[in-house]
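Trainee: If you want the building blocks of each chain, they are given just below.
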Amino acid sequence: MKKIVFASLLSVLFLAACSDDNSKVESDLGMYDNGFFVLNEGSFSAGDGSLSFVSNDLETVEHEIYFAANPTKSLGLGSVLQSVFFYGENAYIISNVSNLITVVNRFSFEFVGEIVGDLNAPRYGAVANGKAFVTNQASWQTSDDDFIAVINLETLEVEKTIQTHAAVEYILEKNGKLYVQNASFSVGSEISVINPQTSAVEETIEMGAALNGIDIENNTLYAMVSSGIKTMDLGTKEISNLVDFPDDSVFANLEVENNRIYYTGGNKVFSFEINAPEIPLTPIIEANDVSVLYGFAVEGTKIYMADAGDFTSKGHIYIYDNSGSKLKEFPVGVAPNGFYFND
Amino acid sequence: MKTIFLFLLGVLFSGAMNAQKDSINKLNPVILHTSILETFSDTQHVRVLGDSLIENAEPLLTDILKYQTPIYFKENGLGMVSSVSFRGTTASQTAVVWNGINVNSKFNGQTDFNSINIGGFDEISIRSGGGSVLFGSGAIGGSVHLNNTFQFEKGWQNKLKFGYGSFNSLDVRYGLSYSNEKTSVHVNAARASSDNDYPYVKSKRENLNGQYYNNNLKADFAYKFNQNNLLEIHTSVFDGERHFSLIRPSETPTKYRDFHTWNLIAWESDFDNFSSELKFAYLNEEFNYYPNTEEESHTYGKAETFLGKYGLGVNLENGMELHGLLDYSYAKGVGSSVAGNSQKIGSAAILMKQKLSERFLYEIGAKKEFTQDYKSPFLYSAGASFEVFNFYTLKLNISKNYRIPTLNDMFWEKSGNTNLKPETSHQVELGNYFRRKNVRFSITAFFIEIRDMIQWVPSTAIWEPSNVDQVQTYGVESNFDYHKKFGNHRLSFHATYSYTVSEDKETGKQLIYVPFHKATTSLGYDFKRWNLNYNFLFTGEVFTRSDNDPRDIIEKYSLSNIQITYSYPLKKGKSLNIGSKVRNLFNKNYESVENRFMPGINYKLFVIFKF
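First to last, the sequence lines map onto chains A and B. Quick note, the first sequence lines up with residues 44 to 386 if you use the working numbering. Quick note, the second sequence lines up with residues 35 to 645 if you use the working numbering.
Treat the hints as calculated values from the structure; they're not laboratory data. Note that the coordinates shown come from a computational prediction; the quantities given were computed from them, not determined experimentally. Please note that the accuracy of each hint is not assured.
In silico DSSO-like links for lysine-lysine, alpha-carbon gap of 27 Å or less [what the hints assert, rightly or not]:
#1 311/A to 220/A
#2 448/B to 371/A
#3 311/A to 448/B
#4 590/B to 519/B
#5 622/B to 116/A
#6 562/B to 471/B
#7 366/B to 336/B
#8 519/B to 448/B
#9 116/A to 378/B
#10 448/B to 289/B
#11 258/B to 193/B
#12 366/B to 116/A
#13 378/B to 313/B
#14 590/B to 116/A
#15 562/B to 638/B
#16 313/B to 434/B
#17 519/B to 471/B
#18 238/B to 289/B
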């Protein structure tokens with residue numbers, strides 16, 4: 044018995060050593076190629092949001108990578124980091140409370156610049172027509188003042204704002220059009236289509252009450268509303284019901300990946316084939332370790348879950364394969380809320 | 035329930051009336067109302083900060099307590115939100131008691147110690163340890179008492195303090211009092227304000243959007259009907275506005291306005307061996323939070339509390355004192371996130387103290403509440419004081435105390451929980467008190483076990499309050515006092531030290547923002563017309579993460595303040611003191627919350643004119 048333990052320990056150490064070596068071989072692009080970032084929101088208003096990096100082989104993890112790459116930037120990335128979007132070589136890190144977007148090189152994480160001014164509680168961003176479109180919720184007491192900031196990525200300045208007169212949240216780019224979820228915190232029901240050339244809202248489409256997530260795959264937009272999951276053909280704008288949820292169910296975190304739908308209920312993950320749309324009775328993952336599911340992603344065949352715990356200490360991430368086996372877990376920063384894949 | 039209580043109150047009240055008629059012509063020696071605080075604190079430590087300390091201190095309550103007591107404050111920058119931790123407990127586990135009335139917020143059960151202006155208080159008493167039998171909800175770590183006392187036959191007195199210092203900081207207090215044989219009136223107006231735009235030490239940054247002001251009017255009135263009957267009226271009206279400072283200039287500036295009035299009418303009678311006290315209080319609190327100072331839109335909360343209290347005490351032959359207390363309170367509140375709701379709480383308490391000899395006394399108290407809003411526990415306290423030698427007294431105290439669910443806890447939209455239990459604590463302390471001619475020293479070991487801590491924890495999509503954690507805190511608290519006069523010289527020295535472990539019982543981790551070590555010293559030296567005062571504060575490191583990661587801490591810091599005052603010679607009964615103060619003498623860069631830096635060296639000039 045002892046021998047086996049010893050041998051396995053040895054092999055673990057050996058493997059770890061090997062992988063350490065591997066990780067030292069930087070890709071040409073930089074330290075943080077071939078892996079994913081975990082965005083850690085930070086304690087509320089403490090200005091301590093951070094990012095962790097995990098290599099694609101799940102062997103190495105690094106924390107506070109912004110400070111590691113920019114030791115003199117002691118002010119950090121701001122309070123309540125909301126999301127990240129990529130464009131070209133750069134990553135754009137949005138701080139909701141600091142009204143700030145920090146631009147870094149996505150592979151070296153070195154500081155490139157920052158976007159301040161004319162942002163007000165920014166949430167999510169997408170790039171189209173060479174410009175960034177960032178949703179801003181402004182006052183949280185009303186959605187009448189919500190807007191989309193159009194940012195010139197050369198000057199890092201807000202060029203204009205698009206008043207939506209409705210809540211704004213997720214924004215996705217597909218085939219030269221922008222799709223904005225006009226619903227946040229389960230209030231709102233519409234999708235807006237924006238033409239990035241003219242910055243005009245071309246169309247507003249009703250999806251259903253309590254819209255809480257959208258994703259686009261192939262030429263279809265998938266939307267989760269309280270009654271179920273709906274689809275919209277991006278060409279014809281035709282809406283149909285994919286599945287209906289049972290009454291009183293509370294689901295979130297819609298993800299579409301490789302012709303499968305994924306979503307969560309509490310710390311359970313459900314999934315079904317788009318071609319065989321039926322509400323599964325049993326989850327593919329029941330992540331009992333996860334006390335507060337605060338971030339969720341599916342990439343390829345892996346499922347990523349972030350647990351914010353008590354929000355005043357390190358959160359954890361859990362990585363599963365799509366058969367529901369746990370591959371790995373890591374402690375990360377405070378309140379991890381999202382995964383961003385950097386390949 | 036309410037009617038029974040009102041009825042009981044009425045019965046006791048009329049009883050008191052009758053008894054009082056009988057005794058109206060008897061000339062008893064006047065003991066002008068010894069408060070419950072004074073009577074039933076023989077087995078715990080009480081520190082009294084008097085008039086001269088108060089008048090010399092900075093105007094916000096945090097500062098004087100930070101430098102004079104073991105109490106720790108977590109401050110979001112100078113003048114910003116200040117949360118108390120007394121003996122390692124949470125901010126809602128310290129009761130703030132104004133002239134005998136618990137004034138913690140009905141919304142969150144706490145007092146923000148930077149929203150109280152101390153100008154006009156005659157004394158501030160700090161009572162360490164449990165006191166819920168006497169002072170109600172929140173008296174777990176201890177209680178802070180803001181008191182106004184009365185003097186008679188002093189005629190007219192004026193007191194003006196005008197202080198001005200760095201960052202355009204203003205501290206103005208004006209007190210006018212008049213008293214004759216029967217009447218005593220005291221009115222005090224105070225204003226504190228600051229641009230609060232201090233530069234951070236060794237940094238190009240400065241404190242942004244930190245400006246604040248507050249105005250406070252206090253009025254106290256007493257009328258002695260005769261040797262036995264005293265009517266007291268107290269009022270305090272506070273109006274303040276604080277901007278909350280920013281970490282980065284790009285953040286949306288926010289501000290907070292708060293307003294409160296505290297009103298109390300009390301009638302005290304002493305007759306034969308009885309003393310009785312009837313009190314009615316009306317408290318009003320209101321806050322408005324502006325998430326963007328540029329906009330009018332804001333959230334708010336408003337609460338009112340009506341309170342009646344009756345206490346009857348009797349001195350028995352055998353050195354025994356007995357007190358009965360009845361209490362009824364009705365609090366209602368409404369806010370942006372709290373639909374109009376109320377709490378109705380009645381309570382009855384019995385207190386007993388007996389001096390068995392010159393050297394030994396004990397005291398016992400018990401209290402039970404009657405309310406349908408939550409399940410109220412039976413509370414008790416018991417203590418003994420034994421003078422082992424002339425220079426050494428041993429004190430033991432045990433008690434059970436509580437903190438009730440607040441309006442936020444119970445009625446917050448979508449997440450309020452009306453099934454919460456009160457937080458309860460069992461605690462024991464052992465105090466050793468030494469005294470010599472010029473020296474007093476005490477060291478008290480305490481242990482507090484707190485159950486059913488009400489914590490707001492994330493559930494599926496929202497945060498909800500629930501009775502989750504259990505915490506134990508233990509440690510020692512020590513006070514040292516020395517006075518000496520020789521010739522024209524007078525020396526006074528006071529020091530405190532506390533060691534506090536406050537741990538989550540499940541994880542064994544220290545609670546965040548509770549330092550293990552805190553020490554204060556204050557040295558005063560008078561020579562003829564000159565006074566020199568030196569204050570020192572040491573605050574040990576605190577964890578900012580519940581997992582106690584050693585990388586996530588607020589560093590320890592030591593601060594020094596120095597003050598020099600000169601008293602100009604004036605006619606008898608008048609005085610003029612001119613002083614200057616240097617705070618953070620060694621220009622230390624420090625913070626009490628991450629990324630919320632405090633000011634470096636700063637200055638203040640002041641005059642205190644009494645006429």
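Trainee: Which numbered hints turn out to be false for this structure?
Mentor: When the structure is compared with the hints, numbers 1, 2, 4, 8, 9, 12 turn out to be violated.
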